[in-house]
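**Student:** Turn these sequences into a full structure, and let the hints guide you.
Going down the list, the sequences are from chains A and B.
Numbering-wise, the first sequence is residues 390 to 682 according to the working numbering.
Numbering-wise, the second sequence is residues 26 to 462 according to the working numbering.
Source of the hints: derived by calculation from the structure; they are not laboratory data.
Be aware that a few hints might be false.
[Stated by the list, open to error] List time: in silico DSS-like cross-link candidates among lysine-lysine, alpha-carbon distance up to 27 Å:
(1) B:82 <-> B:364
(2) B:267 <-> A:458
(3) B:249 <-> A:458
(4) B:390 <-> B:376
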Amino acid sequence: MEKSAVFKGKLLPYLLLVPQLVITLVFFYWPASQAVWQSFLREDAFGLNSEFIGLENYQALLAQPEYYKAMATTVVFSSLVAALSLSIALLFATQADKNLKAAPTFKVMMIWPYAVAPAVAGVLWLFIFHPSLGTMARPLRMMGFNWNPMLNGNHAMALVVMAAVWKQIAYNFLFFLAGLQAIPRSVLEAGAIDGAGPYRRFWTITFPLLSPTTFFLLVVNVVYVFFDTFGIIDAVTGGGPAGATTTMVYKVYADGRLGGDLGGSAAQSVILMVIVIVLTAIQFRYVERKVQY
Amino acid sequence: MIRPQFALATLFACTLALASPAQAVTEIQWWHAMTGGNNDIVNKLAADFNASQPDYKVVPTFKGSYPDTMNAGIAAFRAGTAPHILQVFEVGTATMMSAKGAVKPVYQLMKDAGEPFDPNNYLPAITGYYSTSKGEMLSFPFNSSSMVMWVNLDALKKANIAEIPKTWPEVFEGAKKLKAAGYATCGFSNAWATWANIEQFSAWHNVPIGTKANGLDGFDTELKFNSPLHVQHLQTLIELQKDKTYDYSGRANASESRFGSGECPLFMTSSGYYATAKGTAKFAFTSVPMPYYPDVTGAPQNSIIGGASLWVMGGKKPEEYKGIAKFFSFLSDTDRQAKLHQESGYLPITKAAYEKTKADGFYDKNPILQTPLKELTNKEPTENSRGLRFGNMVQLRDVWSEEIEAALGGQKTAQQALDTAVSRGNAMLRTFEKTAK
Numbered sequence: 390m391e392k393s394a395v396f397k398g399k400l401l402p403y404l405l406l407v408p409q410l411v412i413t414l415v416f417f418y419w420p421a422s423q424a425v426w427q428s429f430l431r432e433d434a435f436g437l438n439s440e441f442i443g444l445e446n447y448q449a450l451l452a453q454p455e456y457y458k459a460m461a462t463t464v465v466f467s468s469l470v471a472a473l474s475l476s477i478a479l480l481f482a483t484q485a486d487k488n489l490k491a492a493p494t495f496k497v498m499m500i501w502p503y504a505v506a507p508a509v510a511g512v513l514w515l516f517i518f519h520p521s522l523g524t525m526a527r528p529l530r531m532m533g534f535n536w537n538p539m540l541n542g543n544h545a546m547a548l549v550v551m552a553a554v555w556k557q558i559a560y561n562f563l564f565f566l567a568g569l570q571a572i573p574r575s576v577l578e579a580g581a582i583d584g585a586g587p588y589r590r591f592w593t594i595t596f597p598l599l600s601p602t603t604f605f606l607l608v609v610n611v612v613y614v615f616f617d618t619f620g621i622i623d624a625v626t627g628g629g630p631a632g633a634t635t636t637m638v639y640k641v642y643a644d645g646r647l648g649g650d651l652g653g654s655a656a657q658s659v660i661l662m663v664i665v666i667v668l669t670a671i672q673f674r675y676v677e678r679k680v681q682y
Numbered sequence: 026m027i028r029p030q031f032a033l034a035t036l037f038a039c040t041l042a043l044a045s046p047a048q049a050v051t052e053i054q055w056w057h058a059m060t061g062g063n064n065d066i067v068n069k070l071a072a073d074f075n076a077s078q079p080d081y082k083v084v085p086t087f088k089g090s091y092p093d094t095m096n097a098g099i100a101a102f103r104a105g106t107a108p109h110i111l112q113v114f115e116v117g118t119a120t121m122m123s124a125k126g127a128v129k130p131v132y133q134l135m136k137d138a139g140e141p142f143d144p145n146n147y148l149p150a151i152t153g154y155y156s157t158s159k160g161e162m163l164s165f166p167f168n169s170s171s172m173v174m175w176v177n178l179d180a181l182k183k184a185n186i187a188e189i190p191k192t193w194p195e196v197f198e199g200a201k202k203l204k205a206a207g208y209a210t211c212g213f214s215n216a217w218a219t220w221a222n223i224e225q226f227s228a229w230h231n232v233p234i235g236t237k238a239n240g241l242d243g244f245d246t247e248l249k250f251n252s253p254l255h256v257q258h259l260q261t262l263i264e265l266q267k268d269k270t271y272d273y274s275g276r277a278n279a280s281e282s283r284f285g286s287g288e289c290p291l292f293m294t295s296s297g298y299y300a301t302a303k304g305t306a307k308f309a310f311t312s313v314p315m316p317y318y319p320d321v322t323g324a325p326q327n328s329i330i331g332g333a334s335l336w337v338m339g340g341k342k343p344e345e346y347k348g349i350a351k352f353f354s355f356l357s358d359t360d361r362q363a364k365l366h367q368e369s370g371y372l373p374i375t376k377a378a379y380e381k382t383k384a385d386g387f388y389d390k391n392p393i394l395q396t397p398l399k400e401l402t403n404k405e406p407t408e409n410s411r412g413l414r415f416g417n418m419v420q421l422r423d424v425w426s427e428e429i430e431a432a433l434g435g436q437k438t439a440q441q442a443l444d445t446a447v448s449r450g451n452a453m454l455r456t457f458e459k460t461a462k
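**Tutor:** Right, here's the structure in full:
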């Protein structure tokens with residue numbers, strides 16, 4: 390026999406769910422359905438005349454070589470940002486978790502970048518690495534390195550990756566640190582008594598026990614690079630040079646806001662939405678199996 | 026204890042909200058994109074107008090960059106909260122024109138409001154850009170400029186260049202000498218990548234950017250800027266980029282500071298850069314007309330304008346339109362125009378203001394401000410130099426810039442880059458044609 394209390398009547402549970410459901414409907418399903426509907430229309434920027442054109446927007450989009458390039462750019466950009474920000478944050482968190490005198494100060498300072506708005510973070514990095522004004526660009530040039538993110542796509546990519554990683558490290562750091570502190574000391578001490586060195590202890594005890602945190606951060610980071618890095622790209626490179634830093638979400642903005650092509654832009658956001666849903670589903674279906682709660 | 030206070034505050038807020046529309050003064054919202062010194066000029070114009078009469082109040086609001094302002098206006102229109110006056114940069118002209126019902130043409134506004142208005146009082150090189158082929162003025166030119174070459178005179182002296190370069194071969198030669206004289210990272214450069222290398226370049230050499238008089242005669246225009254002359258010019262820039270005799274400065278004008286800081290001694294950008302140059306450059310400088318290729322027959326032709334104009338949005342009340350018409354008359358006043366021109370460096374829009382500035386001897390002391398006017402009026406405009414009007418122009422420029430960047434970055438030849446720019450651009454023009462009808 391189950392001991393849990395059973396509520397009679399069906400009204401109350403639904404009533405309690407209403408606020409949640411309303412929020413999801415208004416802020417997710419409604420705009421998402423609008424985007425889907427708009428992706429079947431051809432409309433001028435002012436919304437004065439619109440015409441139902443079926444899948445023409447999708448056809449036009451998939452015929453554009455630039456769209457595939459943006460997809461490839463997104464893959465490169467997101468894997469770089471996710472991998473770098475997670476591993477660097479983990480490194481910092483393990484260091485901050487040690488019994489150091491300066492650890493509290495270190496922790497506080499590590500969290501600061503998270504409070505910086507993406508566009509501001511972008512501008513900051515742009516100033517440091519601007520080819521003619523930047524404080525870091527001069528030494529680079531003096532070392533004989535032809536630093537030019539204005540024309541060299543790889544340099545521009547490096548710059549936006551640095552800015553995006555820098556901003557995300559703080560967030561990841563915070564969760565990793567909390568995760569580390571939740572690991573029982575006794576387990577680690579037992580490992581130490583058995584003769585495991587710090588390296589081995591980390592990979593066989595700490596890392597597996599951190600896996601719920603790592604998994605959560607992986608999901609959050611993928612969503613971050615897909616959507617939230619837009620402000621950084623806009624401020625630093627504007628998607629250039631020659632489209633080298635135009636990710637899918639930036640292209641949605643460029644085509645929709647700057648180009649006034651709302652239908653094509655909506656079609657792109659629908660595709661982007663599907664990709665992120667699929668990615669998250671894969672993560673929960675396959676990666677989560679390896680997580681030890 | 027908290028509740029009565031809250032209630033009082035709510036009541037107070039409601040009273041305020043109810044009170045404001047009851048004012049007798051008609052408010053006219055003006056969204057603009059002017060920064061720095063030009064922002065002050067906008068605010069002063071509005072304040073002067075508001076002080077000059079009791080019935081209308083112009084309220085200027087800064088909305089960000091040119092594209093931001095335009096997008097804010099479009100988004101507001103869709104939401105039913107458009108401003109009365111929207112400042113739109115010249116490349117947004119085709120988009121605004123095609124939005125019938127969303128905008129009220131200026132000629133009609135003036136007629137409906139019974140405001141005296143003669144289009145012949147305005148400089149045709151400027152108003153032509155914002156008028157129909159019949160000469161009906163659609164938007165009111167506010168800040169107009171053209172592209173000029175800014176020259177660091179001290180640098181020329183340092184490099185032993187006796188005469189300011191006039192032609193492209195002279196510029197290339199001079200830039201090499203300047204590079205040798207210490208300007209290692211940038212012999213010459215330009216802001217506004219496509220405005221300089223495609224749009225102005227074409228007009229100045231009397232070659233088409235596109236068919237149908239660069240789109241002025243219809244939206245069924247096709248791009249043509251992959252001609253041998255364009256290819257030759259871009260190919261030369263690619264070669265010079267390799268050792269930074271030429272150095273790319275981006276799509277917009279954020280890198281104008283490379284001239285003011287002394288990094289780039291020869292720099293092409295808007296004549297509207299004057300106020301900033303005056304404030305930042307710590308060396309003797311001047312502006313000269315854009316360079317040209319002397320072997321092209323008829324070059325130099327005339328330049329085309331840039332800058333922005335004021336669009337009146339549709340669906341407003343008649344008395345509000347009356348106020349806008351009065352405000353435009355106020356802006357057209359000769360003394361005010363002349364002063365505006367002399368302070369901001371933007372072009373005068375009326376013939377009278379131009380004549381007055383000339384008669385005052387202003388240009389003898391400030392020849393820099395006459396450079397763009399000389400360019401614009403250099404010759405009678407042709408099909409290729411009257412202006413341009415392409416739909417989706419904001420994004421077209423981005424696509425063209427992408428291809429120029431690919432070429433200068435060494436990924437494509439000039440021919441490949443311009444061919445792709447033309448074909449991608451044509452595809453976008455066809456989409457626009459379908460939506461504009």
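**Student:** Compare the structure with the hints numbered earlier in the document and write down the numbers of the violated ones, lowest to highest.
**Tutor:** Nothing - there is no hint that the structure violates, so all of them hold.
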